[in-house]
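Student: Build out the structure end to end from the sequences listed, making use of the hints.
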Amino acid sequence: MDYYRPDTTEDALSWLASHVGQARTIAAGCTDLLAATPNSGLSGPVLDLTGINEMRGIAEQPDAWRIGAATTWTDIIRHPLPPAFDALKLAAREVGSVQIQNAATIAGNLCNASPAADGAPCLLGLDASVELASVEGVRPLPLDAFILGPRRTALRPDEIVSAIVVPKTAARGVSTFLKLGARKYLVISIAMVSARLVIESGMVSDAAIAVGACSPVARRLDAVESRLRGTSVDAALASLATDALVAETLSPIDDVRADAAYRSHSAAELVRRAIAAITTPGREVAA
Amino acid sequence: MNIHHAQIRLTVNGEDRSLNSSPATRLSEVLREELGLPGTKSGCDAGDCGACTVLVEDEPICSCLTPVAQMTGKSVRTVEGLRTETLSALQESFLRHGAAQCGICTPGMLMAATALLEDHPEPDRKEVEDALGGVLCRCTGYSKIIDAVCEAHALKEKTPAPSAGAAIGSRMERLDGHDKVAGTEKYGADDWPAGSLLVRAIRSPHDHAHFRFGDINTWTSGKVGVEAVFTASDIPGENSYSVIPAFADQPALAETCARFAGEAVAIVAGEPEVIRNLDLSDFPVEWEALTPLMEPAAARDAAAARIHADREGNILIAGKVVTGDADAAMSGAAFTASAEFSTGYVEHAYIEPEAGSAWMDGNVLTIRACTQAPHMDLQDTSRVLGLPDGALRIIPAAAGGGFGSKLDVSLQPLIGLVTLKTGRPCRMVYTRQESMASTTKRHPSIMTASIGADADGRVQAMRFDGDFNTGAYSSWGPTVAVRVPVHASGPYRTPNYHAVARAVHTHGPVSGAFRGFGVPQAALIQELLYDDIAETGGFDRLELRRINALRDGDHSVCGQEMKGAGIAECLDALVPHWRQALEECESFNAASTTMKRGVGVASCWYGCGNTGLPNPSTVRLGITADGRLKLHQGATDIGQGSNTVITQICADALGVPVDRFELIGPDTALTPDCGKTSASRQTYVTGKAAEKAGAALREKILRFSNRASDAQIEIDPGSGVIRVVDDQTTLIAVSEMEPNDLGYCLSAEETYDPPTVGLDENGQGIPYAVYGYGAQMAVVDVDTALGRVYVRRVVAAHDLGRVINPMLAEGQIEGGVAQGLGMALMEEYLPGRTANLHDYLIPTIGDMPEIETIFIEKPDPEGPSGAKGLGEHALIPTAPAILNAIRHACGARLTRLPALPHRVLAAIRAKEATQ
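Chains as they are written, first to last, in the numbering used here: chain G, 1 to 287; chain W, 1 to 915.
Errors might be hidden in some of the hints.
To be verified - DSSO-like, lysine-lysine: derived pairs with alpha carbons at most 30 Å apart:
| hint | chain 1 | residue 1 | chain 2 | residue 2 |
| --- | --- | --- | --- | --- |
| 1 | W | K421 | W | K186 |
| 2 | G | K89 | G | K184 |
| 3 | G | K184 | W | K126 |
| 4 | W | K911 | G | K184 |
| 5 | G | K168 | G | K89 |
| 6 | W | K126 | G | K89 |
| 7 | W | K186 | W | K156 |
| 8 | W | K158 | W | K911 |
| 9 | W | K74 | G | K89 |
Unchecked claim - Derived contacts from chain W toward chain G, CB cut-off under 10 Å, selection only:
| hint | residue |
| --- | --- |
| 10 | R26 |
| 11 | C52 |
| 12 | C62 |
| 13 | C64 |
| 14 | G822 |
| 15 | D839 |
| 16 | P898 |
Rather than coming from a laboratory, the hints here were simulated on the basis of the structure. All residues carry an ideal CB built from backbone N, CA and C; glycine is no exception.
Tutor: Laid out in structure tokens, this is it:
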């Protein structure tokens with residue numbers, strides 16, 4: 001079994017370059033990879049990125065927050081971050097169980113490209129980009145251009161995701177995350193919502209609202225956001241996110257968890273609750 | 001660096017280890033297979049159940065999702081590392097609180113809790129829930145696990161071992177608990193003979209298909225390590241079995257036609273390292289997919305093809321109970337209500353997928369596997385393998401949950417075949433997907449019913465008609481069809497009654513036994529109709545049930561005169577809770593717009609044991625020449641506690657303390673038949689046999705020593721002497737006595753068979769000698785904008801006749817409530833779509849309400865010390881009580897399970913539309 005667990009990104013990229021065109025497994029937390037096989041282990045050759053220290057951790061840079069690709073959800077929960085990241089931290093607590101959060105990585109969640117990926121709506125709401133690395137160099141790609149559809153990404157065969165980058169322009173305001181499922185823990189979303197609002201002088205100066213599990217790829221709700229921007233914060237703010245306005249962007253499906261109409265309605269209800277939760281601090285919110 | 005096996009060095013429980021396994025291997029497999037640490041369990045290999053939780057650098061992870069290469073240089077801790085000389089405080093706390101039932105989730109729970117307690121030694125309930133949210137338990141309902149973790153820092157006092165005659169009623173720890181909390185209990189996948197072949201099955205991907213094998217020899221010949229392939233043509237006996245032999249119809253390996261997706265058609269055996277990951281997708285079998293009949297309505301259509309040639313209309317059997325004139329009484333009723341109700345397949349979802357091993361012991365084929373019914377496994381497996389009496393032995397492995405499904409054989413005939421044909425030991429472990437796709441389910445039901453009551457709310461009439469989808473093979477379909485009409489009235493006086501239930505074949509999964517045999521489904525519609533009557537007639541819902549409750553001297557719908565009926569007492573016990581809950585709902589709802597609170601109530605009754613058929617248990621008890629007391633306890637303990645409860649009953653009958661007993665078995669070579677662990681019969685039937693055996697041995701000893709009937713019998717294992725003490729002491733020197741051929745100097749063996757009378761064509765007779773009763777009240781919050789339901793509180797009043805062990809009985813009730821809650825709110829198995837534990841949801845630790853248990857002890861004249869059964873009862877009222885509470889909260893009248901959020905919301909909208 002060819003199982004390669006390098007110490008540096010450079011070594012990982014060289015290995016990858018030499019394996020282009022071959023079946024191979026790029027592994028990190030393995031919480032999706034091993035869940036998807038009945039076999040006793042991963043099938044090789046395997047490139048395991050978890051030995052590369054520089055790929056794990058969160059760094060504040062002058063213009064951005066850089067989250068290493070192999071940063072686990074537990075790392076994110078424990079790292080001090082501005083309130084704009086609260087949604088991401090709340091989502092981190094909803095990724096499977098504590099056991100999963102201790103192993104699963106932020107980039108793995110994106111590369112797995114599940115429509116119900118817990119991290120995707122929050123990162124969309126933070127205007128995140130992914131940093132794609134190959135021996136040829138690094139190219140940034142906005143997250144909404146990276147995840148193309150269920151289980152489909154723009155990752156080239158010679159590339160890995162090396163980091164997630166959140167620009168400081170988006171790391172502003174206050175955010176929250178609501179996930180709706182049929183049980184408390186270990187649950188795949190029926191719908192989930194990430195909301196981030198920047199409130200200045202009693203007005204919404206910026207809004208980032210994203211919904212997951214209600215379309216092939218999590219989506220930002222542009223129509224709702226523009227309705228919110230420039231509006232004064234009062235008790236009626238949340239009601240601007242009407243069912244119809246939310247539904248414009250979504251294309252939910254019927255599945256074992258819920259039907260499409262319900263998904264669409266519940267997404268809107270969650271958006272309203274998320275907005276209300278941000279603008280009414282101390283309020284407990286159910287989802 | 002490129003990792004090779006020899007380079008993986010890690011620390012496991014403080015010891016340095018280097019590995020031979022491939023670096024890509026799951027840590028769980030390495031721990032279990034290479035390092036000999038099977039305390040870490042594999043329940044799903046997908047991170048959905050958490051049974052495999054271990055600590056890496058003190059943090060919990062799922063070892064099934066971790067390639068061992070990542071453990072290089074790391075410190076791994078498993079359940080085997082928790083214990084030093086003695087159990088850790090946490091393990092001891094689990095034992096004392098009764099937090100382990102079957103014990104299969106216990107290692108995962110312990111490890112997740114250890115991580116929590118190392119950071120927060122005195123956690124609150126919320127912290128415990130957050131920490132254990134990733135470990136599923138199907139037995140306990142989590143309550144006692146939460147208590148055990150919260151209180152591990154201040155260990156509660158151990159319940160002292162009960163003295164002679166005081167065992168019944170004691171909250172003593174389970175006698176088989178140590179190994180469960182120590183992680184040393186051996187389940188089906190944990191123990192196998194050296195050199196065992198590994199067996200895997202080829203299964204039908206189609207609901208219905210004809211198939212032909214290609215050239216199996218060619219497929220096999222190129223594969224080093226593949227020892228053998230077997231198909232139906234290799235089966236030496238009769239290739240059909242059923243838990244009820246008269247209905248034998250299920251092949252161990254299908255012959256030319258697969259009748260459900262997941263049915264085995266061939267098995268492959270060989271060296272484990274080859275077989276484990278062998279690609280079976282190119283196995284030479286050609287499928288001709290046929291249009292399946294998936295719904296009873298389609299299967300009953302006159303034009304439908306027969307799934308079994310001899311079963312007209314695809315009806316396996318129908319059961320009927322008729323008394324009085326339901327139609328006439330209904331037309332004269334002051335209030336009537338009607339409903340249709342449907343439920344789907346429910347999966348048992350025990351955390352242990354089926355597993356076992358087989359080997360030859362001389363000429364005896366020996367199978368050690370998970371089971372609830374060793375003697376039935378013996379019967380079915382002998383039949384399939386053509387083995388004469390004495391040529392097969394079944395040793396039940398510890399069962400990691402059963403709930404009815406492990407009554408049917410699964411892999412026993414398959415591994416038996418391999419060992420019989422090859423002469424080599426073998427083992428087989430089902431994957432989660434395989435377990436869910438191939439084993440039995442709760443019957444889906446489509447029911448219609450109506451109830452009529454007089455102006456005072458006294459029920460005068462009920463009609464019930466139900467189609468129960470029994471799937472491809474008979475299994476327990478006949479039992480469901482017979483039990484449902486007997487019980488569909490609920491524990492209420494129903495003088496005019498007409499009930500029919502049919503078991504209908506389809507090409508769906510085989511429906512078998514699942515805690516309640518169809519009665520939980522029937523209770524859903526009956527209890528819904530009681531709330532309809534209450535609404536129409538303006539009756540208090542609890543009061544309506546109280547005035548209709550069966551009382552001693554009343555006759556059941558089968559014409560049986562009721563004795564020891566405790567349902568009225570159960571309902572009475574709920575009265576103060578009910579009143580308080582109604583007030584609480586009113587004030588809560590006055591202050592809340594979106595979240596609405598409601599309370600609901602429902603009852604159960606359930607006859608213990610077979611319906612109007614014999615089902616004896618035999619218990620043997622003996623004293624050896626060195627003075628050891630051995631109880632041959634054949635009631636398989638699948639976590640419910642029969643090892644403990646049967647011993648408690650026997651101990652008091654004999655008059656010696658429980659701690660003098662040694663337990664033997666179950667094992668078909670060592671224990672007489674105690675029947676199956678099902679139908680809530682073990683405490684009652686085997687308990688009664690144990691009581692008789694204890695009393696018989698006592699009488700022998702007293703007669704032998706010529707002492708008074710109240711003399712004290714003192715057993716001192718190893719002493720070779722029994723002391724019998726009244727006003728003087730007599731010594732019986734067993735060491736000087738000639739042991740019988742079983743090795744006993746003094747012994748007793750007693751059989752008990754419940755006195756029942758078979759049902760006539762109208763279902764009249766005495767179907768059961770003993771019934772248990774219960775009533776539960778549920779308080780729920782409904783998020784009326786999202787349809788999400790939160791169960792806040794359940795008060796469960798159950799009449800057990802006599803509570804043998806209150807701690808274990810509470811555990812049964814809490815576990816039953818959890819399964820009832822799951823059935824009500826989230827569980828539905830969809831063939832081909834939810835054969836895993838992330839699409840099929842069962843309750844997690846965070847979904848459980850606070851549960852208050854109230855025991856009613858109205859003695860049964862027949863049961864041992866008055867005891868009645870409990871196992872199934874606990875689940876029956878939960879789902880209808882929850883549905884009735886939802887309706888009370890928001891008006892949503894649900895007639896389909898599970899009440900998923902979108903269905904609840906739709907029902908709320910439907911209610912709003914009528915207003």
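Student: List in ascending order the numbers of the hints, as given earlier, that are violated by the structure.
Tutor: 8
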